[in-house]
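Chains as they are written, first to last, in our numbering: chain D, 1 to 570; chain C, 1001 to 1178.
Source of the hints: derived by calculation from the structure; they are not laboratory data. Virtual Cβ for every residue (Gly too), placed ideally from N, Cα, C. There are no misleading hints in this set.
Incomplete in silico selection of chain D near chain C, CB under 8 Å: (1) V125; (2) Q129; (3) P130; (4) K133; (5) W134; (6) I154; (7) I186; (8) R187; (9) S188; (10) Y189; (11) A311; (12) S312.
Over the 10 Å line for every Cβ pair with chain C, so calculated as not near, a few chain D residues: (13) E177; (14) E235; (15) D527.
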Amino acid sequence: MAEKVTGAEALMLSLKNEGVTTIFGYPGGSIMPTYDALYDYTRGEKKSFEHVLVRHEQAATHAAEGFARVSGKVGVTLVTSGPGVTNTLTGVADAMMDSTPIVVIAGQVGTAVLGSDAFQEVDLVSVAQPITKWTYQIRRAEDVAWAVSRAFYIARSGRPGPVVLDFTKNAQTDLVEYKPANVDFIRSYVPSPEPKEEAIKAAAELINSAKKPMALVGQGVELGNAQEELKAFLEKADIPAGRTMLGLSALPSNHKLNMGMLGMHGSYSVNIKEQEADVIIAVGMRFSDRVTGNLSKYAKQAKIIHLDIDASEIDKNVKTTVAVVGDCKKTLPAITALLKEADHTEWKESFQPLRQQEIDRVITPATKPTSGPLLMGEVAHAVAKATNSESILVTDVGQNQLMSVRYYKFHKPRSIATSGGMGTMGYGLPAAMGATYGAPDRTVCCFMGDGGLQMMIQEFGTIMEYQIPVKMILLNNNYLGNVRQWQDMFFNHKRSFTPMVNPDFGKVAEAYNIPHRIVKDRAELQDAIQEMLNTKGAFFLEAVIKPDANVEPMTAPGRAVDEMQLNVEC
Amino acid sequence: METKLYTLIIYSENFAGILNQITAVFTRRQVNIESLNVCASSTPGVHKYTITCFCTEEMVVTLCKQMEKKIDVLQAHYFTDEEIFIMEACLLKISTEGLLQNPAASKAVRRHGARIVEVNPTFSIVEKKGLTEDILSLFEALNEMGIVRQFVRSGRIAVTRDCIEHLDQYLEQREMNK
Ligand SMILES: Cc1ncc(C[n+]2csc(CCOP(=O)(O)OP(=O)(O)O)c2C)c(N)n1
Ligand SMILES: [Mg+2]
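With the rest of the complex left out, here is chain D:
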């Protein structure tokens, strides 16, 4: 008979069985038995994991998200019950929106006192269910191996997402004979539906007959690891493509069929041309309202082909002509095989005049200004250039996000981590920490605003303790800039609680022993970026940005995508 271990140790063995290497967490009362076991599994002969003690549980989930985004593996968070796990929920909801595979393991009071309002008891299953792919309460040590294996299988398979495990205290302390579980089948769950041949044929026929086809590339391509399949597909039928914000590195920025970014602050030509394309092929994207603008006016002229692994996305927002449900790693090549080689030079070239307008009126002024204060665009552009477009971009939310995603360039897959569907301020810094563990060989650059940084500034402590090599770039406009822009545009310039009095951020970095520099002058920018990149480990670069610059171009809310304005009027 095998030796009995505690449920907590069974968790360690189960995590090991899943290939976990890094855990982001924070201890507390009802997860103490697990932390007791973790101690032994993070050192000595049993050493299996690195545990990163964050300074706030929300950071633990964002770090797990950043880890997952760049590595394609499941991110893991370990926290205590009650306030510990409620603190993680913003990250959980964020992971749900953006299909990011994470597993959050939270302590829970013992089953004997469940429902009695015991100390730090929260009805986690009820709270977490609507914002997770799966939530489960582990009530017996015997269920640990099964529940953990099922959790990882669900988090990573199909359309990925967050899973929460509510780990009762008695299940942590009770003894069990550990037997590894390897769940790879759940009869009620079909993660990757078999593509239908008729659908593949119908899609190929429609594309073959198209005069003005256009592809919309989403994060699904990265999640499906189908970057090469996408290229082959686009190239064979000569289809110009726009990428969603989350899908930016699914197709290299310098690919000849990449036409730019979709959405409210995306590329002008792409937004205008969506209203002219005769066949739109959406691959692993969900037609979010930030992409479609006014839905009732969106691409009405086009026949829509939608490739998605999640059947519930089909017809949710945009009615499709052909739905191809399945993993794009399979569906893309199946369609490509039936495609005729095509040449859409004229159609592609018709993007160019619009592109040129955007270059002249938006891109050049944003990235190559010659006078006035520093602009976000030029900083992002310069950092991308200085890293040969090979670094990973992590962003917070706001103007800093929109400008850095607009002006960064991506030559490698899985190179962006940003909060899309939730738009979670505070995401950036912890996600960047996680990204350094997920891709230890790559440079991780994190762009933040003065607002968002202060939502997670305590993570300087984590960065200091673990010497996490994050390159932090603060785009400081001393404003909640994104909201300020909307106030100026739609609320008659009433800047209601958007100006901010900020601390000396350099001194804060100093207190944590993080090398830092502040840059105000354009002439110094290159040098400052080089110093940041040449410094081993973490670096905090503060760029003093023009206080009231706007993100352009923009499709105002409620407007159709072709009503996008190159320059916004305030």
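With chain D held as given, fit chain C with the ligands onto it using these hints.
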């Protein structure tokens, strides 16, 4: 778009908390549940939910897809009244004195094919199976006489008229792909 009454039949694994997830799919999309019945199905370990609601066909399609997306939900399908056998039931607690003093009361009970299943000096119990309209018509007839003390109507239960058992087919197919 036209709204009408749909009956949804949903099958899930027998895990805690699934009913919550199913009802949340409706609430989030502002659809009211008209009636709800939950019980074990004929397949061991599988629960069956019969839910009615008024909505557009577009919405009911969305509801089904969103429910099937839940990990432990096996299948979710929607039907119009023509596609299913339907049953509902009600119980009426009425005053016995009122029953005896109103000859129309017994007539209404008979006319509706209802049964009186208990009579005591204080109250009597009327039981009726049938369709919603029938049940409500009986209730209204008795209520007009002012003799109803309690009224309760069950959720709808339904089985499909289809010759194919889609759940069995699905389960068989899943077992094959295991
Ligand atoms: C947690 C959270 N709270 C509020 C918002 C709303 N919001 C979106 S952008 C923004 C301003 C962000 O300011 P800052 O971090 O300085 O970035 P900037 O836009 O100035 O670059 C706010 C308040 C949000 N997205 N997330
Ligand atoms: Mg700001």
